[in-house]
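Trainee: As given, the protein sequences belong to chains B and A, one line each in that order. Taking the numbering used here, the leading residue of the first sequence gets 23, the next gets one more, and so forth. Taking the numbering used here, the leading residue of the second sequence gets 1423, the next gets one more, and so forth.
Simulated from the structure, these hints should not be mistaken for lab results. Certain hints may be false.
[Stated by the list, open to error] Taking lysine to aspartate or glutamate and the EDC-like style, the derived pairs with C-alpha atoms no more than 20 Å apart in a straight line are:
id: 1; chain 1: B; residue 1: Lys54; chain 2: A; residue 2: Asp1455
id: 2; chain 1: B; residue 1: Lys54; chain 2: A; residue 2: Asp1536
id: 3; chain 1: B; residue 1: Lys54; chain 2: A; residue 2: Glu1476
id: 4; chain 1: A; residue 1: Lys1474; chain 2: B; residue 2: Glu89
id: 5; chain 1: A; residue 1: Lys1474; chain 2: B; residue 2: Glu52
id: 6; chain 1: A; residue 1: Lys1474; chain 2: B; residue 2: Glu224
[What the hints assert, rightly or not] Simulated DEER-style distance windows between Cβ atoms:
id: 7; chain 1: A; residue 1: Thr1463; chain 2: B; residue 2: Ala121; range: 14 to 22 Å
id: 8; chain 1: A; residue 1: Thr1463; chain 2: B; residue 2: Gly122; range: 49 to 57 Å
id: 9; chain 1: A; residue 1: Arg1465; chain 2: B; residue 2: Arg299; range: 32 to 40 Å
id: 10; chain 1: A; residue 1: Met1530; chain 2: B; residue 2: Pro66; range: 44 to 52 Å
id: 11; chain 1: B; residue 1: Phe120; chain 2: A; residue 2: Arg1431; range: 23 to 31 Å
id: 12; chain 1: A; residue 1: Cys1526; chain 2: B; residue 2: Leu38; range: 35 to 43 Å
id: 13; chain 1: A; residue 1: Thr1463; chain 2: B; residue 2: Ile280; range: 44 to 52 Å
id: 14; chain 1: B; residue 1: Ile148; chain 2: A; residue 2: Ala1494; range: 19 to 27 Å
[Unchecked claim] From the structure, some residues in chain B lie toward chain A, with a derived Cβ separation under 10 Å:
id: 15; residue: Ala78
id: 16; residue: Lys80
id: 17; residue: Val136
id: 18; residue: Leu140
id: 19; residue: Ala144
id: 20; residue: Ser147
id: 21; residue: Leu237
All of these numbers come straight from a predicted model, not from anything done at the bench. In this text, a Cβ means the ideal position worked out from N, Cα and C, and glycines have one as well.
Single-letter residue listing:
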Amino acid sequence: MNLVEALAALLIFPGLLYAVPMGWLMLGTERKLRSRFQGRIGPPLTQPFYDFVKLAAKWPLPRALSERALLAFFPLLSTGAIIGATALLPVFRGESGFAGDIILLVGLLEIPPVCMVLAGYASRSIYGEVGANREAAVDISCNIAFFTALIAMAASANSLRTTAIAFATPWQVRLPAVLAILICLPVKLRLNPFSISNAEQEVLAGPLVEADGRLLALWDLSEALEWVTLIGFVVTIGVPSRSGEWWIDAFIFVACSIGLVLLLTLVASGTARLKLRQATRLLWRCSFGLAVISLCAAFLVRGN
Amino acid sequence: MKHYGFLYRLVERAREHSAFLFHFNAGACNGCDIELISCLTPRYDVEQYGIKLEGSPRHADVFVVSGPITRATRGPLEVVYRQLPDPKVVVAIGSCPATGNVFCGSPMIEGPLDQIIPVDIYVPGCPPRPMAIVEGIAAAIHKLAGRHSAASGEQR
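Let's have the full structure, built from the sequences with the hints guiding it.
Mentor: What follows is the structure, encoded as structure tokens:
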């Protein structure tokens, strides 16, 4: 990966220029579709953009400098990390990546939830603390399955490059591993059956309860980018074929991402929120079970 | 009349299309609260105008108050009003926060609301109909959109 390619991936596709509008479009699609499922008209697709502009134009609250710096640090770090993760997605065939980039990618994907937990504790609000607690608990239980599935794929592809994992994993490992990661997806996006940390009827806004104006705008931007990156990650490792034509690859990537948004919205509208205990049990039974199956398949494929 | 540039107009447009509500019950009988909640239902569906009910006052732009301000709720009301970031608007739902309604003259109430915090829009009625509430909130959003500085109408 040379400098020009890296900068293009970071700033244009699938980085900043693509990810920010796409993130807003995904959030808008989710809200619109959920409204339609509930028999309402719902907000326009541009709603997340209007929300962002309005929040960014709010005047900051008078706060102590140390508190302001701490509260601004977490959403900035979260947004920056998730943009970096987006740039590492192997959308095209020619991308070689570098050895061990899957570790960097997964590490960057993990920064937003950690930031959210820390921001919840830093807010010194009881709702923020309870939300952070829930976020940490549910994130750890989904990450065990997430990492096990990724380890299975990396072991069967015999590489730590994202491109090699995306192209070289045999289907008997890929199928259960991608299913396990798919179950983890609504947990990481805090969507309905697992919207435990930001349950508005129970803990108000969860860890973001003290975030005002610009901070909330940054958190919303980070969430939009998280949608693009996590969904894009599942698409890139779940769809192994690349045509070699850049525009066909890009089109398949975008179309599969939108398809996954529809699936997630359908699940989110059709289910009620689980309790923390029910959610962790479900994750351990289904997601971790599938991940273990994929790990066993990986060792069988390797033949040791 | 000051002329505003592109970014200001963008912000105005965004504010007119997006409003986060925070609802404060200052001793209301729940009549107005039920009518406010019914605005969110499929029949009235205020989310199509970008209006959303928020749980935290830190996220909100529109402060919706119902009920005559009782002694117990006056302190929390002032605290929560200060927690909303500027620019913000206050909407008084129902006759109680506007005049005290049937509780007028009672030693137990501290209202009407405009003696405690500045009120932008009154929606009279006991309780007001949901369409009246939607209209009141729309008027409040319109009032909020043009506030670019403390001089352009912001009340502190």
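Trainee: Now tell me if each hint is right for this structure.
Mentor: Evaluated hints:
| no. | hint | in the structure |
| --- | --- | --- |
| 1 | B:Lys54 - A:Asp1455 | 25 Å, violated |
| 2 | B:Lys54 - A:Asp1536 | 37 Å, violated |
| 3 | B:Lys54 - A:Glu1476 | 18 Å, holds |
| 4 | A:Lys1474 - B:Glu89 | 28 Å, violated |
| 5 | A:Lys1474 - B:Glu52 | 15 Å, holds |
| 6 | A:Lys1474 - B:Glu224 | 17 Å, holds |
| 7 | A:Thr1463 - B:Ala121: 14 to 22 Å | 55 Å, violated |
| 8 | A:Thr1463 - B:Gly122: 49 to 57 Å | 52 Å, holds |
| 9 | A:Arg1465 - B:Arg299: 32 to 40 Å | 36 Å, holds |
| 10 | A:Met1530 - B:Pro66: 44 to 52 Å | 45 Å, holds |
| 11 | B:Phe120 - A:Arg1431: 23 to 31 Å | 45 Å, violated |
| 12 | A:Cys1526 - B:Leu38: 35 to 43 Å | 58 Å, violated |
| 13 | A:Thr1463 - B:Ile280: 44 to 52 Å | 29 Å, violated |
| 14 | B:Ile148 - A:Ala1494: 19 to 27 Å | 21 Å, holds |
| 15 | Ala78 | 8 Å, holds |
| 16 | Lys80 | 5 Å, holds |
| 17 | Val136 | 22 Å, violated |
| 18 | Leu140 | 18 Å, violated |
| 19 | Ala144 | 14 Å, violated |
| 20 | Ser147 | 9 Å, holds |
| 21 | Leu237 | 9 Å, holds |
Of the numbered hints listed earlier, those contradicted by the structure are 1, 2, 4, 7, 11, 12, 13, 17, 18 and 19.
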